[in-house]
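J.: Here are the chains, one letter per residue:
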Amino acid sequence: MEKERFTISVYSENNVGLLNRISGIFLKRHINVVSLNVSKSEIDDVSKFTIVCYITEETARKLVGQIEKQIEVIKAFYHTDEETIFQESALFKIKSDLLFDERQIQNIIKESNSQIVTVAREFFVLAKTGRRSEIEEMHDQLKPFGIMQFVRSGRISVSKEQMDISSILNKLQEN
Amino acid sequence: MKISGAEAIIHCLIAEGVDLLYGYPGGAIMPVYDELYKFQDKLTHILTRHEQGATHAAQGYARVTGKVGVAMATSGPGATNLVTGIADAQIDSTPMVCITGQVPRHLLGSDAFQETDIIGISTPVTKWNYQVTKASEIPEILAKAFYIARSGRPGPVLVDITKNAQFEEIEFSYEPCNLVRSYDPVPKPDMSAIDAAATLINNAKKPFIVFGQGVILGEAEEQLKALIEKAGIPAAWTILGLSALDSDHPLNVGMVGMHGNYGPNVLTNECDLLIAIGMRFDDRVTGSLDTYAKQAKVIHFEIDPAEINKNVMSDIAVLGNSKETLELILPKINKNSHEEWHNEFKKKHKIEEEQIINPQLNPTKPGLTMGEVMKEINIASENKAVIVSDVGQHQMFACRYAKFKQTKSNVTSGGLGTMGFALPAAIGAKMGAMEREVVAIIGDGGYQMTIQELGVIFQHNIPVKIVVLNNEHLGMVRQWQELFFDRRYASTIMTNPDFVKIAEGYHIKANRVSERKDLKGAIEEMMASKDPYFLEVRVEQEDNVFPMIPSGASVSDVRLK
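In order, the protein sequences belong to chains S and X.
Residues 4 to 178 in the working numbering are what the first sequence spells out, letter by letter.
Residues 50 to 610 in the working numbering are what the second sequence spells out, letter by letter.
Bound conformation, chain S alone (with noise of 0.2 Å):
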């Protein structure tokens, strides 16, 4: 079976100890982790890890059993990129001067679609949200220019079909 890149999607209580257990199923089976993100979700109450490896479909079927089966996880599914609308989010930091001095750089911030988040006498920030590849491209153009700081979140991502936790959740607290 082909490696891929598949994000699973895990929805939980909001619990401490729980990333570390859902850390460790993926560190049992020697799974390196491409990007995490844990965040509130549609349900009040309920967290959303969004977790992107780069497995076999064989092993993201497992890796989710083995989720679901830690007790403060209510569900967790895993989708191919096809199967998602997902992005990812950057911030550069860049000395002002070269926002004045180099006019390449205010190409750079139209073409990109990017937004200034802050300009401050020593520094501005750019903010950039979008795929992977965008961010990347929109680094490599800076980057001959000087970055004085650069960091990219995990991905976020909704799936295209449903994920109903509420009616699994009121399942569970019928039965």
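For the record, the hints were derived by calculation from the structure and aren't laboratory data.
We put the beta carbon where it would ideally sit given N, CA and C, even for glycine.
Fair warning: there could be bad hints in the mix.
Unchecked claim - Which stretches of chain X does chain S cover? Using the computed rule of at least three CB atoms under 8 Å from a CB of chain S, they are: (1) 162-173; (2) 223-235; (3) 326-333; (4) 355-362.
Knowing the structure of chain S, use the given hints to seat chain X on it.
T.: Then chain X, alone, in the frame of chain S:
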């Protein structure tokens, strides 16, 4: 009226029906021990000589009673010493609640004396764990701990309780837990899967059942027997499924796996339908998955959805509690007998009997065999004893040759293979089944890993029978060295102490046999004893366990020598 968190813990344990626990005190758990002192009439605490012993004793108790075993320890080294037993309980699905003390909340993360991150350490080997930092959480969390440990596929739960939470005072009230909203312990059986499974079973020409501990944990022994008898299906067991079906049942064809019986291993690759019930296709059972039962359709009865298609792909998965699913399928099963197919097992058994079983049970060569010791124990106990085995060659001989009439009678460390398990587990097993004879079968290696628990047997006069099969070697490793490492016996030869003197040092009656003529009498004397009894049997030093499926080989390639 307000009570301390420590006292609340005691009331929670009593409310959960606990009357016995094993543990070891220390600084961070002292308030709880102070309450245990006050509640001695309701709760018996057994001081093991090492915290690992507390977990194995709790496991032994849980395995024979089906109840949740409880172990307690202090923070730091007390907590880390529990980890082996917790990992063992996790892989063998044993219900256990471990309570550990922890440094006070304000010292968490300060590298305080005896502080260790036991939540972090125990996470991969617990079904659930939780750190309590205020007394008000205690009733709810302990209720949840017991519910999670015993429900669904059972397992170990660890609750770490900071010392300040043990001192704080709360208004106590207790509600048992029967729901955790994110947790579905027992999947509802799907009738379409039951129907499909029944059709496959009714149409099969060469059906074969392999059952595991899921039958015991689900208390489905009667249903299993009914299915086997109605459909006339030969049935084999995994090491943890042992004792769920009477050893002398005509359709009981023995053990599968690395040192299992010849017939069930070879015929796994000849059946047309493999019916797995409450087992997880461990690698010691399947050997190479690439050549495992490829010709057969597979039905998997299982409570844990994560086990479905994990190792072996199933054609039909029947999720649910084994008792419930087997009860649902029984009326749909046609009466049948597969005599010709069953005869295949008998033929293979004959080969094994001639080449392996008879030389083990009725040896003509000098040198005692482990098999003949088991045979004598079967005779003296009339197949009624609880057999607790450790890990290694003696364990394989014990499981191959011990006979059982009653379920929950085989206690052994299956998945983790924990040497040192048997002596403390036998203490727990005996205390869980005082009316039964409990015999621990231990190798000279594993015995010395937890030998200090003789102190518990002595102090509380727990009448377990301890049989050490002494071959002066780490026998299983030595066997592999002989077969696969050109007899380079690296660190497997043991110079042992005088085990009889050690037992006598603990005022335990002790005896030693090294000759065949003395064996029967020695075992009879041991079994007749009302007190704890230690028997060392000096066995053949370089005996091997056969049949054997070499690691990674196919079940078809099981070796008879």
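J.: Run every hint past the structure and note whether it holds.
T.: Now the hints, each set against the structure:
no.: 1; hint: 162-173; verdict: holds (count 4)
no.: 2; hint: 223-235; verdict: holds (count 6)
no.: 3; hint: 326-333; verdict: violated (count 0)
no.: 4; hint: 355-362; verdict: holds (count 4)
In summary, the structure is inconsistent with hint 3 from the numbered list given earlier, while agreeing with all the others.
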